[in-house]
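Undergrad: Okay, here's what each chain looks like letter by letter:
Number of protein chains: 6
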Amino acid sequence: MAKKVITFGEVMMRLSPPGYETFSQANSFELVYGGGEANVAISLAYLGMTAAHVTRFPDNGLGKAATQFLRKHWLATDHIIYGGSMIGKYFLEKGAVHRPSQVIYERAGSAFSEIETGMIDWEAILSGADCFHWTGITPAISAGAARCCLEAMQMANEMGIWVSGDINSRENMWNYGKTVQEAMPELVSHCDLVITSSYGIHEMFGLGDKDMPFKDSAALLMDRFPRIKKVIGKTRTTLSASHHQIKGHLWDGETCQGSETLNITHIVDRVGTGDAFAAGVIYGLLHYEDDTEALDFAVAACALKHTIPGDVNLVSLQQVLSLKDGNTSGAIRR
Amino acid sequence: MAKKVITFGEVMMRLSPPGYETFSQANSFELVYGGGEANVAISLAYLGMTAAHVTRFPDNGLGKAATQFLRKHWLATDHIIYGGSMIGKYFLEKGAVHRPSQVIYERAGSAFSEIETGMIDWEAILSGADCFHWTGITPAISAGAARCCLEAMQMANEMGIWVSGDINSRENMWNYGKTVQEAMPELVSHCDLVITSSYGIHEMFGLGDKDMPFKDSAALLMDRFPRIKKVIGKTRTTLSASHHQIKGHLWDGETCQGSETLNITHIVDRVGTGDAFAAGVIYGLLHYEDDTEALDFAVAACALKHTIPGDVNLVSLQQVLSLKDGNTSGAIRR
Amino acid sequence: MAKKVITFGEVMMRLSPPGYETFSQANSFELVYGGGEANVAISLAYLGMTAAHVTRFPDNGLGKAATQFLRKHWLATDHIIYGGSMIGKYFLEKGAVHRPSQVIYERAGSAFSEIETGMIDWEAILSGADCFHWTGITPAISAGAARCCLEAMQMANEMGIWVSGDINSRENMWNYGKTVQEAMPELVSHCDLVITSSYGIHEMFGLGDKDMPFKDSAALLMDRFPRIKKVIGKTRTTLSASHHQIKGHLWDGETCQGSETLNITHIVDRVGTGDAFAAGVIYGLLHYEDDTEALDFAVAACALKHTIPGDVNLVSLQQVLSLKDGNTSGAIRR
Amino acid sequence: MAKKVITFGEVMMRLSPPGYETFSQANSFELVYGGGEANVAISLAYLGMTAAHVTRFPDNGLGKAATQFLRKHWLATDHIIYGGSMIGKYFLEKGAVHRPSQVIYERAGSAFSEIETGMIDWEAILSGADCFHWTGITPAISAGAARCCLEAMQMANEMGIWVSGDINSRENMWNYGKTVQEAMPELVSHCDLVITSSYGIHEMFGLGDKDMPFKDSAALLMDRFPRIKKVIGKTRTTLSASHHQIKGHLWDGETCQGSETLNITHIVDRVGTGDAFAAGVIYGLLHYEDDTEALDFAVAACALKHTIPGDVNLVSLQQVLSLKDGNTSGAIRR
Amino acid sequence: MAKKVITFGEVMMRLSPPGYETFSQANSFELVYGGGEANVAISLAYLGMTAAHVTRFPDNGLGKAATQFLRKHWLATDHIIYGGSMIGKYFLEKGAVHRPSQVIYERAGSAFSEIETGMIDWEAILSGADCFHWTGITPAISAGAARCCLEAMQMANEMGIWVSGDINSRENMWNYGKTVQEAMPELVSHCDLVITSSYGIHEMFGLGDKDMPFKDSAALLMDRFPRIKKVIGKTRTTLSASHHQIKGHLWDGETCQGSETLNITHIVDRVGTGDAFAAGVIYGLLHYEDDTEALDFAVAACALKHTIPGDVNLVSLQQVLSLKDGNTSGAIRR
Amino acid sequence: MAKKVITFGEVMMRLSPPGYETFSQANSFELVYGGGEANVAISLAYLGMTAAHVTRFPDNGLGKAATQFLRKHWLATDHIIYGGSMIGKYFLEKGAVHRPSQVIYERAGSAFSEIETGMIDWEAILSGADCFHWTGITPAISAGAARCCLEAMQMANEMGIWVSGDINSRENMWNYGKTVQEAMPELVSHCDLVITSSYGIHEMFGLGDKDMPFKDSAALLMDRFPRIKKVIGKTRTTLSASHHQIKGHLWDGETCQGSETLNITHIVDRVGTGDAFAAGVIYGLLHYEDDTEALDFAVAACALKHTIPGDVNLVSLQQVLSLKDGNTSGAIRR
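Chains as they are written, first to last, in numbering that gives the first Met the number 0: chain A, 0 to 333; chain B, 0 to 333; chain C, 0 to 333; chain D, 0 to 333; chain E, 0 to 333; chain F, 0 to 333.
Read the hints as simulated data drawn from the structure, not as lab findings. Take the hints with a grain of salt, since some may be wrong.
Copies of the same chain are indistinguishable here, so a pair counts whether it falls within one copy or spans any two.
Unchecked claim - Think about it this way: if two alpha-carbon atoms lie no more than 25 Å apart in a straight line, the pair counts; the simulated DSS-like pairs of lysine-lysine are:
| # | residue 1 | residue 2 |
| --- | --- | --- |
| 1 | K228 | K3 |
| 2 | K228 | K246 |
| 3 | K2 | K63 |
| 4 | K177 | K209 |
| 5 | K214 | K71 |
| 6 | K63 | K3 |
| 7 | K88 | K3 |
| 8 | K2 | K71 |
| 9 | K209 | K246 |
| 10 | K246 | K71 |
| 11 | K228 | K209 |
| 12 | K71 | K88 |
Bound conformation, chain A alone (with noise of 0.2 Å):
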């Protein structure tokens, strides 16, 4: 039988303008919604796992249709709360080579913003989950959705269901009086497996420092945070918009694995890759007993997000599968 996860976080209509078109040139919007968790979960989805995604919409067509784009991608959506008046945005234009793709957001004032303790019914969600997932940027959003993120994870460690954290230090997000270092640790206390990095665990807990092998950081985070049985990283190594380099990292508290180095050149789109990638690191650690393998999973997904239009990876486990055993030729399937 299928695993399941569970996934909470702010989902967002994404806009972008068509192809490589500037803002200035728009006359028109691609539309598609994504977020941190919510890719994660459609991610594991395709990839053969059951998944629910917990989040909240205006009442209204727009609160509907961003509701559709979760079940039409496999979700179940029954969880979802509605309320507020505004869905929260991002605004997308897509560079190339040496022009960076643009990112506006507009999430002040949103539906999910005003997400509140008490809204959701955790016990009744998690009921039969084989794990929960969060990412940093939700604390960021609002003290009621931290609150609700830290309601979600309790009652996860008391039903004894796994909980994955994606977490990085975007201080810039931080807005609402709380800094990601006095909210942060509380957080990942209730966490099992960490998805960050040698940086983040510096800015956001001050251990360690920014350039510190992966492994020697990791190995701080998880004595500080000893319910932690993982942690892991990647390597990103941006040669251009048009092309990147991506690599794995696990420790496990006794060892450091690596996977091997994808090169990505003729990006498609490259948002979502992380997410691309932690929802890899979930399937990888749930589906398989070698941890290489399960980090080899990963980096596998998350190159293939690269080629795939929007936010979320929608990869077959088997075009996965193929990648990861090193069929990386891309020659056609007929």
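The hints should help you fit chains B, C, D, E and F onto chain A, whose structure is shown.
TA: For chains B, C, D, E and F alone, kept in the frame of chain A given last:
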């Protein structure tokens, strides 16, 4: 030399599913910009007048793109100010036949809603103008917007510039603590020209009743606000979302003129037709001695807008004159 | 708690040239999915009911995409089965004025046409349902499909679930060795509710004649099949491809109700309007005590479908109620 | 064996903003090709005749693409000649309701305008043909085009091939030093069949007056040019850009037939409807003994063109016959 | 005078999601047509040869549109026959980088698969031809298609027309009861020219082994089938879905020529590149005395196809010659 | 206060098939506008300068739309003049890899080509300007355009405004009776800054030879035209249509500076990159004391243009500065 108009108000990003798609079907949004006052300015610019619009946009790529839209459509944009973080928006699901178009507004917290007196140098802006135009939407947005609007009108009165107001009573817009009934009298007392309806006159000022003949309501309004020289109204018969009929009325304090009724079937885009009428009224009164001619001009302009996609009436003076002269056939021009 | 409907039938890929292009002009096809029974289920889901559709798709990316379309539009898809090699299709060239829309079907050898009894667990599926709905198209597709349909109805009868059939006599569809006249009587004998026409009653069952008043044909049908409690019909006057008029009729064994006639000019998409009517009938009879109200509801739902691109009626309960209450003006909702 | 028609004239690139956008809104142009004579040839090819068009295009990728458009639509293109540097163009802003469609021509200096007698081997081209068709636009383009047209007609007369001319008096097209009044008489003297109007007969030949009943003008024309056997006209009532009515007339020297009036509301594309009529006239007179039948055929063909995007009437013989037989309902063909 | 080629095989409707969208994302399909043999014919027509394609389409609007596609791209289509009910199709999800393109075929029951000997008048068709070309796909489709192909080759042999076969061993295509190993020898025995690979020679004829140098496999093939004068192959190195390298080989019975290797990165559309190579081989061998030149021509043609959307190589002779002459820079032509 | 530039030259309608389609595949054209000089002005406006362009358009909807494009992109358009009948055009078929982009010009008889001295009030236009910029294309268009260009430069010299010329020797453009060699010396003698190449210096002025090191050619040019203070050049290595490398050179009469080489792979649109370089040169020399910084700025601006669809470099000052400072990674900006 061309007459000059200054308008003031919010300009929103308009996002609409292609064709007759519903929100649930949309995979892209068509992008234009619109707002009741800027629509009037652009319409007048296409008719040959000089026109400038004053508004506030966020200082990012989206705010600049909105400005560029106004520039493209011939407006002077030098007096637009930048700040805040969000551009006002509305989402439009276009209806047909018995299915109404649906509009979802997202204006709360917009850059414009945070505007305050003192931010704009009205004396410089109004210099050389023949007309300042505002609508009843602006004071509904925020206390600051209402104060700015008043500030502009006071300056216009002082400088001897004609003030035109297109006012109605969308009560559900007034959410900042003041009612339309509290705010409107002071604002209207600065107007030389008012576009409204018996319904509005009753709702906003408690004068007459909703179904009273236009001339009687208009007379009551003019008695109450002696600065007003003309009150103009429009009767719209909505046979279906695709088929309307319109007729104009004008009360000059002594007599009430009525235009021909224009029958508009096979409507392309109904939004902004009221603004096209207001622009026609302003153009007409500035350029015709005879009020009936002005009114016929306004009705022709209004009718043509129903055939133009987007918020704004992009027709030329010659196109309006041709319809005003009774050429309703729409025969090809080669 | 929401009422629940189960539908069963083929879902086709619908491929249509953009706008009013002919097949010879098309360089792309707009892609949606549709089928008489799924259209009913989706329509009812938009009206607020719980709805599941049962069908069979090929086990490939196209079959999954079809399922995703149904999920997006709120259907439960857990009971869809996969196998075979081709998805049924139809190509639609949209007509206007005097030019008829043209449909080319490609259903031979479809995954659905190969369905057989025993493939579907009707008892599980029908559990908790209020209504099972089928159309006369399904038994025309293949002997297996006809048998499956019968199997479902027998189970529904046994479980005390209301059976609704929308039947007509497209004789040219019956190509597998059985005629509509041979197959239909047994199928119809399991129905509680039948949607049909005098023409169909005559052609399929040899009862009455084609031009007989609806109530007389309906009475003959009910005499022949005593399980039937209501017979519903619809008169469509086709003034042109762009202009229709519709009116509903309902025979309850004693009296014949008639709805108002709705005039629909400026049609956007005529396909699926019969299914929208059927959904309206089902919704109406499940929610109104008064059959006339149910019929008015059905006609309003049907009329609104003419304004929605695609096969399916995506309007909300509130939109149907507004038209049912006589609001035909289609005035903008802000 | 299929009857064969040869047509001669300029084919232009037609560039039009999508939907009802104005020139000022366009960010792309829809691209088709059209010209009064080629439109007739393609229309006749769709009706089942053999058709070849003779023209001149620049010898570059654009000229080849234009040829490919004609080939796609079933024309023989072997006699097209290449040279010069520019393809003729027209820009079309599609109107609706009271807003006229606007056409901007760019034909000066086109490859076709530089055509000269001797460039085309008319004897080879006309071999086996049943009809040669020209329009009054061709001699207006340039002296060379007028001479080529005459050359073709002389050869056709010699070879006993029926000559059809669709002539009118767009005076503003005649810019190369000759007037329509000077040029037309000689050209028309070679025609067996003329499509024109009372207005045109008066303007071009000084016969009768503009508002004279068609049969009287036609009789005067036939008296003046005794080669003519039939004069055909069409009355178009232009209620709006979206709603026309058409009726055909035919004078055979003795009696004047009139067709039914067809009411065309919800027009999709009005351009090329006159050419569709001309094609219908040619097809009708070549295939029906009875002139009334021919005329009804022509009016049906003309009406159907109003529903086809682009310049050309892409309907089949069966579609025209169905409308000719009175089936105006546009009901779906499955 | 231009050389003439006749090709025979199925032409499929190709339906592909826009850009890099997956099947699950598609809301429309881009529509072109393609088939291994017609692709060769069109490619040769663009290079300046006379080309006709023989196939069978359903006698409906889709079959006609497919024919029109071939006509547009310069093919003679007079010998296409019509019947059956379905057009063969393939759905293409375009990959990038490590993500393979996915193809789903729907050919079962197609109009072409029902073709039979005697339906086609090969003697008339082949009259005046210089080359008849087939591929190994055709005999895999159905027994009838295989017999027709043989019939054509026998006639071509008889008429002294050069026969070219592009053969490989897609074993999963052979579903009608015969294996590729059973069918191919007789067919290949009629060929003068064969395009294949060591892998194919081993799989289809049991000659040599899969990794043998091309010249050795080719020599074995030529020994077995003495009619063959040249065996041509192509090495494709698939670095990713976006980056390939190609190199050609030619065995003439005595020596083996090799072309330069062309490096193709930033691939636009990989489909049909083998057919572009085959067309290049045919053009080259018909127009160059020197086989190396022919091979260089073929590789250049093949490389250019990777830059053209769709199945078919639409480049001109001059474009191929420029690349064949070593101009790989792709600098703008003004 | 922002520096101000005035540019003069033809602006063409650019019509290009979508994506990588060939002319033969196009069913629509993407529409933008461009011209070497206006491209420079717009680029400088995006960088923050004040910019006005002077040109001549036909006085119709197309000429107005072209003006609106310039207005949208921040140019002052008050000095554009209207007349004539045709707008200059170019058609662009975008290439990739080894396939060159193809350009077809249609400029003969354009409104701009008919421009004459005296039509433009240069004194008013140049008032307050810091720089007047022209290119070698303008004098090639017509004698009148050459004279106007000279007229402008003479006035600029008189007013002490810096003159910049981007000149090369497209000999095939000079068709009105004068050669580039006859016309260029007088024009160049008025320049303070010249952008050109060794090849151009040799071809146009007979100085040096084509492959001479840039500094030597530049020195010869400066000797011949003593007004010139700087000569700037650019080396472009064209590895394929998708991959270029660029490097800048600057001769100031004493030393020759060279920029870093930028590697640009995955090119989006190559057109207008030379103009982006010229704009970068002008901005750089007006804002940096150090010529090397100016040159690095120009190369960065040029490189970024390769990622922007259309003719014009729409990047911001901050984007150029970031690349100039060595940030080539194109990492997302959030």
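Undergrad: Taking the hints in turn, state whether each one holds.
TA: Each hint, compared with the structure:
Taking the closest pair of Cα atoms, K228 and K3 come within 25 Å of each other only inside a single copy of the chain (20 Å); across copies the shortest separation is 46 Å, beyond that limit. In this homomeric assembly, K228 and K246 come within 25 Å of each other (Cα to Cα) only inside a single copy, at 20 Å, whereas the closest approach across copies is 51 Å. When the C-alpha separation of K2 and K63 is checked against a cutoff of 25 Å, the pair qualifies only between copies, where the shortest distance is 20 Å, while the shortest distance within a copy is 27 Å. Within a single copy, K177 and K209 get their C-alpha atoms as close as 22 Å, which meets the 25 Å cut-off; across copies the closest is 53 Å, which misses it.
For the identical chains of this complex, K214 and K71 are neighbours neither inside a copy (39 Å) nor across copies (43 Å), given an alpha-carbon limit of 25 Å. In this assembly of identical chains, the alpha carbons of K63 and K3 lie at most 25 Å apart whether taken from the same copy (24 Å) or from different copies (20 Å). For a Cα distance limit of 25 Å, the shortest separation of K88 from K3 qualifies neither inside one copy, at 28 Å, nor across copies, at 35 Å. For the homomeric pair K2 and K71, the shortest alpha-carbon distances inside one copy (20 Å) and between copies (23 Å) are both at most 25 Å.
Taking CA atoms no more than 25 Å apart as the test, K209 paired with K246 passes inside one copy only; the shortest distance there is 18 Å, against 35 Å between copies. Proximity of K246 and K71 under a CA criterion of 25 Å is satisfied in neither setting, with 31 Å inside one chain copy and 35 Å between copies. With identical chains, the CA atoms of K228 and K209 are at most 25 Å apart within one copy only, with a shortest distance of 22 Å there and 49 Å across copies. In this assembly of identical chains, the alpha carbons of K71 and K88 lie at most 25 Å apart whether taken from the same copy (20 Å) or from different copies (21 Å).
Hints 5, 7, 10 from the list above are not met by this structure, while the remaining hints are.
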